[in-house]
Amino acid sequence: MSLYDNTTLESLIKPDRVHKDYYIDPDIFELEMDRIFSRSWLIVGHESQIPKPGDFLTLTLAKQPVIMSRHRDNSVHVLFNRCTHRGAKICNKPSGNSRRFECPYHGWAFHTNGDHAGVPYPQRYSNGFITDGDFDLPRPPRMEIYRGFVFIALNENVPELSAFLGPMQRHIDNFVNLAPDGEVEACAGMFRYRFAGNWKIQLENLNDLYHPMFTHASTTGEDGTQFRRQGAEGDEAGKVKLLKENASLNMEWENQIIGGHALGHTYMERFPMDKENSGPVFSRYRNSMKDAYGDAAESNMKIHHHNSIFFPHWSIQYMTQHIRIMNPISVDCTENIIIPLKLKGAPEEMWYAALKSNNNSHSPAGMVMADDMDAWTRCQSGMQAQGNDWIVFARSIGEEKIDNNGSFTDFGTSEANARHQHKAWLSYMCGNA
Amino acid sequence: MQSAIEKFLYFEARLLDERRFEDWYNLFAEDGYYWVPGAPDQTDPYNSVSIFFDDKALLKTRIMRLRHPKLHSQEPQSRTCHYVSNVEIDNNRGNGSEIFVHSVQLMTEFRLDKQTSFSGRCYHHLRTQKSSYEIISKRVNLINCDGIFETLTIPF
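Those protein sequence lines, which keep their order, are chains R and X.
In this text, residue positions in the first sequence follow my numbering: the first is 1, and each later residue adds one.
In this text, residue positions in the second sequence follow my numbering: the first is 1, and each later residue adds one.
Think of the hints as simulated: they come from the structure by calculation, not from any bench.
The structure displayed is predicted, hence computed values, not measured ones.
Just so you know, not all the hints are guaranteed correct.
Facing chain X, from chain R, some residues (calculated, C-beta under 7 Å) [stated by the list, open to error]: (1) Arg194; (2) Ala292; (3) Pro364; (4) Ala365; (5) Met367.
Footprint (simulated), chain R over chain X, 3 or more residues, beta carbon under 8 Å [claimed, not checked]: (6) 46-52; (7) 70-81; (8) 145-155.
Glycine included, every Cβ here is placed at the ideal spot set by N, Cα and C.
Let the hints inform the model, and build the full structure from the sequences given.
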């Protein structure tokens, strides 16, 4: 029986602030695993991470060890990484290729689609015990693939994936449609890092325009622009203006549209000061897009967003072309995976530029990532203090435009994105989502 | 030559430990680069992510950042100790003026009451100068290159 009934949960979330226990109470964390992570769609990765039959990768997601594998008929499977005999993890490697999975403990074997392939010396089991029993590798109750992204749900009774994503499904489409071939590909591995902070601190950060000029001040040169994050052509392209030349705040940020949709999803539109790409490589890209999409090419080439965050645990960043999977480990530890994605059919030079951009900003040594991780870790340790139990999100409260479908929009350095996530959190935790 | 190369590598390591980042940067040739791959046995910086893949321009940005008064992730600063060992000159590669050297390196970092160590094999491609060498490339193959990291700031 949880210490938290709905009234107690509701008392943690005020319109303009949340109680520190939201981030630091281990009981809350356990309840989140059950009420949020077991009741929403979780992303496992992208099917191009396992391109060939027999390819597999393993990861732990919301505390669950899973395998994503490609069977010999090319179908993609997500399996719990647990032998049906004594419970040993059958796959220990982060990734690889295997004709089948064999448990190292007593040799029970499984096909790459999870079907039980047999046990050694079955004659000592009673008649029919093995053949009639269900010893296939267990699977999450639901699995779906959308535009190559692989999702699971740990509970049968989740809404359909398209209903869960709602208008955010279009954000996935926008991203994948940037590729002339209409597909993205995860062919450059991934970054993995860990910080000593609660998962929600990062979630609140990704669409927070109030922090960059302070947290990332050390990435800013004398002209007020951040180091080149995109490898785009042209001197000004790919530079983000954090500060004005006189080092005061660049209030162009305040024109940027932010918003969100039902179930806690949020987004940030493209930086208004982002320059359009141009140059010979981009012309080749435009030509491939015209060949592929005809009249729809110009609209498909348009980058609409900077970040799209899918509550509770993943995001697309369009500028650097990656997805980020945020994996809660404990109340004060979160592991991240950053997977750069190639736009299939686009010029190789664009992919190299995107990869460099990921290296420069989102590697564990990345010049943006290190600042953020430092700030999130400081939050977690600072929140342990007594004397003030509240974490404040009051910026521009009441200014957001909210519609009847649970969507909202606001501008710039508003903290409406975080407030939107807090409401969704409460709704999930009280069993109303 | 072995002794001169070893002295150069020790000097390079000392520059990083003494936070003489500009002097370290100046060891690199104009066309030089510093690379820490993100995957084991990575053959090309463009077929996988890299933890560091800095040409000289980006390296300069990184060094400027290390000097920035608002670099919060270096408050407090890291203290590091770079150990260099097992230095071998590759006699099958290089010519009179260009030398290929491999070595192993252990960097121990202390920050915020936590000590962390990073090990790997280093590959230096050097060009002979009048009295020393310049670095055409330095590659560090960390044994945990595809592992889980916390914040990294100081080069290996």
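Check your understanding: Hint by hint, which ones does the structure fall short of?
Key -> Hint 2 is the one this structure does not satisfy, whereas the remaining hints hold.
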